[in-house]
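Asks: Here is what each chain is made of, one letter per residue.
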Amino acid sequence: MSLFSRFMDGWRKYRKPGYYDEFDYHWTMTIDLDKCTGCEACVTACQAENNIPVVGEDEMAKGREMQWIRIERYWEGEYPNAKLSFIPMMCQHCDAAPCETVCPVGATYHNQDGLNAQIYNRCIGTRACAVYCPYEVRYFNYYDHEWDSPLEQQLNPDVTVRGKGVMEKCTFCIQRIRQAKDVAKDDDRRRVQDGEMQPACVQTCPTKALVFGDRKDHESQVYKSMNDPRNYRVLDELNTDSSVFYLKKVDA
Amino acid sequence: MPNIDRREFLKLVGAGGVSVGAGFMLREANKDPREYLIPHVLAPEDFSSGLDTFYNSVCSMCPAGCGISVRTREGRAKKIEGNPAHPVSQGRLCTLGQAGLQALYNPDRLTAPMRRTGEGESASFEEITWEQGLKQVGDRLDLLRAARRGNRVAFLTQGVRGHLAQLFESFMRQLGSPRLLHYDFDHPHTLYAANQQFFGESRLPYYDLANTRLLLSFGADYLNNWISPVHHSLGFGESRQGRADVRGRFVQIEPRMSISGAAADEWIPAKPGTEGILALGLAHHIVAEGNYNGADLGAWTNALADYTPDAVAEQTGVPVNTITRLADSFVDTTPSLAIGGGAAGNHSNGVDTLVAVNALNYLVGNIGQEGGLVLNPEPAGPAVQQHRASYSAMVELAEAARQGEIDILIISGTNPVFTLPPAAEFAEALAQIPLVVSLSSFLDETTALADVILPSHTYLESWGDDFPEPGVGFSVGAVSQPVVSPLYNTRGTGDIILDLARRMGSSSVMPWQNMEEFLKYGWRRIYQRGDSQTLAQGFDAFWTSVLKAGAWGETTNGSTAFTLNPDVIAGIGVAPPEFSGSEEDYPFILHPYLSPNFHDGRGANLPWMQELPDPMTSVVYGSWVEVNPVTAEEMGLSEGDLVDIQSPHGQLRVPVFVYPAIMPNVIAIPIGQGHGEYGRYAKGRGVNPIEILSPLLEPITGNLASSATRVNLTPTGGRVKLVKTGGVSRDLGRDIVQHTSLGVEVSSAADNSIPITEVTT
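Heads up: the sequence lines are chains X and H, in that order. First residue of the first sequence? That's 20 in the numbering used here, and the numbers climb one at a time after it. First residue of the second sequence? That's 174 in the numbering used here, and the numbers climb one at a time after it.
Chain X on its own, in the form it takes in the complex:
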């Protein structure tokens, strides 16, 4: 390798943080805002799947809620022409994620599937990532949260229960992705098929507004959906290169 190409290689890696030149899979989500009704089924599904603690009223009042996916609401106009739009917001799994560059201990990093992953036992709780995140989707454990017995029996054994001082956020249900990949590997080392796994929020969405899949598979539902003419990315001007595509709400 020539000096020049090594330099260019280094430069590209510097410009595109993350450790992978090519992802194995490129997990992507699309959210059709014309279908989203704001019912919040996704929120509860996520709480159940990912062992997200109930923080209590006092902590909620301090703005310390824990919801990896939340519904944001925006009013427009005044009565009687008031309109309300909902938008589900979760970690956008940016391919140029501001949170990854700021972490002093590398607790948040980009994995081989294009996911923005959080290593809980490496996190020292500086909360810098939460400051850098333009989507405000990182949640911090201010306490060791407890589950009133026997609620802990519901906890998902595939997901770590996070302790005090640790930052956490949406993982695109990485435990389900891992399981699907394991199954696919055992099954003659094939690739994970479209629709084989879905994160909890996508699985439960009553209007099918959420679609999830591998964008490298050009036959996948998510690839078609992200190329819908209505697509856009939230705060795209920040060049975060996010992996969540929204489909514009239609005014009719």
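In short, the hints are calculated from the structure, not lab data. Note that the coordinates shown come from a computational prediction; the quantities given were computed from them, not determined experimentally. Glycine included, every Cβ here is placed at the ideal spot set by N, Cα and C. Careful, some of the hints might be misleading.
What the hints assert, rightly or not - Partial list, derived from the structure: chain X residues whose beta carbon lies under 10 Å from chain H:
1) Met27
2) Gly29
3) Ala80
4) Thr120
5) Ser168
6) Asp177
7) Ala199
8) Ala203
9) Gln240
10) Lys268
11) Ala271
Since chain X is already given, all that's left is putting chain H on it; use the hints.
Replies: Same frame as chain X, now just chain H:
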């Protein structure tokens, strides 16, 4: 003990110490020196997580009857998903259904049978055995039955369908008591009555949202709490963006914007209780414009003569051009569909309103059409409609109790002390009944007043079945099976009833040992309806296949042919709604609505639901009253100001939430909070608007006109901080939720697309 001297002892200890040390060093030396910092994000190669087992069952968190698939691991329920094979939920589930796990693992569940001791203030519950509890109840039942006084027993249950309902019915028949009441606060009595009047059958049709192109919803919050929200949501998504060339349009008519109103393309506030008048205004315009050509045109013209757009605009507050525009597009867009319910049905003119909505469907020919309203066949399960108890039936029960006509009241799964207005004096009536038996899983307000508590399993631990009403155009059923073994010393509701039946000597008529056996008996009849192929495989194979699939369906179509009884047309007309209290003293109309999180209050003991922001306001953990921004400004109110809300029948103190989409003379409070009992998460939070409702009735059904209470609003000067997750509720130019219009979208597709970053090596 061998004889060891001190020297010997020290030698042994020393040798032991050395060998322990050597073993430790050996082990350490052979260990892999690497330590992994990343435990499960990159799980070790040989890490094998346990195996999941999925059980299909039926959700019981609301009356929709969605099929569920519960993921269990090592005997514990971990996650509830929708069952993809079930025609109602199709693999999807709502937020309350997801939270069913917290009902199962709720820390405040009743763990064993209990009996009340002491009176008044000193009353408390002591734990007893099942034998003691069942004997106490069974002996008295037997005594009453033997004395032919079984009609002094009343049975009050939540609305159940399927074979549990049949079991209750045979149990009460054995006693010879007609007092079997299925009570739910939100049961759409007026809708059933309207369908009885219009279609001649007292059941719900299938609303084909998925294939419709225009939906007019008169007050029905179909995406949230109305009848079958998950199935409606599926239809909504399909209608909106599931078809290649058509996008369904949705119009919502209601005084306060609900979730369905927010999802709609157009939200039209109409004065509360005038939704039916508006529907007839549309009908008038359709007929007057010559868009209806049926043989009964003359009758319709006569019936609708008074409902000219001008008169209707005057009464409803909806502009004339909106009325004519809606009517025209309802005719021009086919298929179209009008639905009505929710608050629109909970007025003194509720039945007439919903008949008017049916008429609208009839005039444009939506009945029996794809994308319209499809009449359902007779459900495969037992008929339960005759037992549905309206508000007036509950008042009658309370009155009978006060007259000393009831010796035993058995209550299962319903919480009338919370969901009936105090005017019904239900709690006082309970005190007059010598033996009140509760089969609840939780210590709710009603159970707290019981004499004996025989706690039931939650739905995830018990056998049952359900035949969703409405079906999906054909008969659907599903068996609910236990997904985990019972956590506590509780029993299935069906098992308790069968045990009591044995104790009162009814085992010859009700010979089944347990609910599972009874279910199999009942499903044998459904099996016998099957085709030759089903019959050939035998009942056991059929039963296993139903359990495994979690759903059963019979795709014989219902009678789609429909002829309207001409008498109905002459009777069409909607009187102006009545309200309690005068407009001078009580200038606001109270609009109580079912909370998306708590339904009729049953979800309030689930911590996830308490912590789930209300979709419209993002408030958590409390109650609030929604006030129009202009009204709030006039009264000098802002968010968090405590106000007293007074109706002719009670008073509440609650903080204000300034709500942009509510009529100026309407205020809204969600139902669900304000529990006095019901566990640590529910107790003592917020207010219950049912407490101040006036007992105004819809005359045909005896349904409570729960949206017809007038109130006044007095600032107290007090202030609290509303706990909510939402910050700024306006976009402020950040362009977070982007919009596009239908026409522009296609032409600008090219510049609108985002280049997809392909990472190259």
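Asks: Each of the hints needs a verdict: does it hold here or not?
Replies: Tested hints:
1. Interface restraint check: methionine 27/X against chain H, minimum CB-CB distance 12 Å, threshold 10 Å, status violated.
2. A distance limit of 10 Å between C-beta atoms decides the matter here; for glycine 29/X the minimum to chain H is near 14 Å, and the interface restraint is violated.
3. Because the closest C-beta pair between alanine 80/X and chain H is about 5 Å apart, less than 10 Å, the hint holds.
4. Violation of the interface hint for threonine 120/X is found here, the shortest Cβ-Cβ separation to chain H being roughly 17 Å, above the 10 Å cut-off.
5. With a cut of 10 Å, the hint placing serine 168/X at the interface with chain H holds, because the nearest CB-to-CB distance is about 6 Å.
6. Because the closest C-beta pair between aspartate 177/X and chain H is about 5 Å apart, less than 10 Å, the hint holds.
7. About 13 Å separates the beta-carbon of alanine 199/X from the nearest beta-carbon of chain H, more than 10 Å, and the hint is not met.
8. Below 10 Å, beta-carbon pairs count as interface contacts, and alanine 203/X has none with chain H, the closest being about 15 Å; its hint is therefore violated.
9. With 10 Å as the threshold, the beta carbon of glutamine 240/X stays out of range of chain H, its nearest partner Cβ sitting at about 12 Å, so the hint is violated.
10. The beta carbon of lysine 268/X is positioned within 10 Å of a beta carbon in chain H (closest approach about 5 Å), and the interface hint is therefore held.
11. Interface restraint check: alanine 271/X against chain H, minimum CB-CB distance 5 Å, threshold 10 Å, status holds.
Of the numbered hints given earlier, the model fails hints 1, 2, 4, 7, 8, 9; all others are met.
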